[in-house]
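Those protein sequence lines, which keep their order, are chains A and B.
Residue 1 is where the first sequence starts when you use our numbering, and the numbers rise one by one after that.
Residue 1 is where the second sequence starts when you use our numbering, and the numbers rise one by one after that.
No lab work stands behind these hints: they were computed from the structure.
Restraint ranges, calculated between C-beta atoms of paired labels, are given here:
#1 B:Thr238 to A:Trp27: 32 to 38 angstroms
#2 B:Thr138 to A:Pro78: 52 to 58 angstroms
#3 B:Lys94 to A:Tyr95: 21 to 27 angstroms
#4 A:Ala59 to B:Thr156: 19 to 25 angstroms
#5 A:Ala59 to B:Met157: 24 to 30 angstroms
Glycine residues also receive a C-beta, built at the ideal position from the N, C-alpha and C atoms.
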Amino acid sequence: MTQYLAMGAAAPHWRLGFGQQLQHHGWDTDEFLLFNDLAGDTHLVDQDALDVLHLLREAPDDVAGLAARLGLGPEQAPVLDALLETLHRLSLVEYGA
Amino acid sequence: MAAAPKSLILITTTGSGGRGNESCLIVLYTLLLATARQFIKDTNVATPDPDQQPPRLPSTPSPLAAGQPTSPARRRFGRAGAAAAAGGVLATVKSSPGMACTICWTPSADQSMLIGKSHHAENNPCNGVPPSSWIASTSWPNNINRDTFKFQDAFTMRGTNTDKTMLALMQVGSDAVCAKNDYACKANRYDSSLSNDAWMMKYLCANFLNMTSKKMPFLTMEILNGIWTGWCTNSAYTPRGGAKAWGIADLKRYLSGTV
Chain A
1 MTQYLAMGAA APHWRLGFGQ QLQHHGWDTD EFLLFNDLAG DTHLVDQDAL
51 DVLHLLREAP DDVAGLAARL GLGPEQAPVL DALLETLHRL SLVEYGA
Chain B
1 MAAAPKSLIL ITTTGSGGRG NESCLIVLYT LLLATARQFI KDTNVATPDP
51 DQQPPRLPST PSPLAAGQPT SPARRRFGRA GAAAAAGGVL ATVKSSPGMA
101 CTICWTPSAD QSMLIGKSHH AENNPCNGVP PSSWIASTSW PNNINRDTFK
151 FQDAFTMRGT NTDKTMLALM QVGSDAVCAK NDYACKANRY DSSLSNDAWM
201 MKYLCANFLN MTSKKMPFLT MEILNGIWTG WCTNSAYTPR GGAKAWGIAD
251 LKRYLSGTV
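Whenever a hint applies, use it, and build me the whole structure from the sequences.
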């Protein structure tokens, strides 16, 4: 793994967790049931979390880049940070090169 | 620091393991919808009122008050309530690690499920084919010459047999052609006659060709190379981000479950 990462490693970014398919089901609210392929758990998430996961599936990014893609202001960066930490604890997202 | 999501129910399931199916997921959804909503109601977890203006930090003027346009995401992020406190994850239903309902989302599952407001429902095809299909195919993706393309032409870490062609590596051992939901059949793909190295190379070749032909867009060369390198160096693959390491059983289940 160290050899692999040493080969053209990029700056650390957030990315969608390995193997996560983002299978989800929504209703007429901003809440979704999301299946966690790694843990086998099912989460009830809001639109914010789902948007972040979809964006990371499209392309890994750092917090600033994600905030820009979401159209967030600087006052919302801490909320985005907290969201990413929560998603990371659940292995929905990964952080690294 | 965001609060940890509440655990609702510990669900344990038994079964053949490996890849699940659509009915498993539908049962879960039905159970979880009623349970999750009742749990949140009972614990008085505040849910944001969509009609309410999003509160702002005292020192920050409201962009709405200033008359500036904002994106929908900007209006949602930062509002008070459970969503902000839990970092977007309102609740979690725990399940035993081995349940693994599905690895890929089949086209039939995608068609049969109602996807409410999701705007990405169409993005999860799972059309991977096993090694036998690539052996039989005369047309490989990206004009790859099936008679000369070597394992090491795609995978960075070199070692024993990496100078062999992908075609030759896939032709070893037996290769049952299984129906999508025939998990007993797929279990035989573990093929005890093959060494772990030979099995890994065989199914990495198939997964590489499936990825290259866009049959499995969730796979990337970075992931496949990571699996191969991890296998060569540690006989395991550890997804980045701190998740537990995948041993040979996990790798076989995943690499054969995607096809």
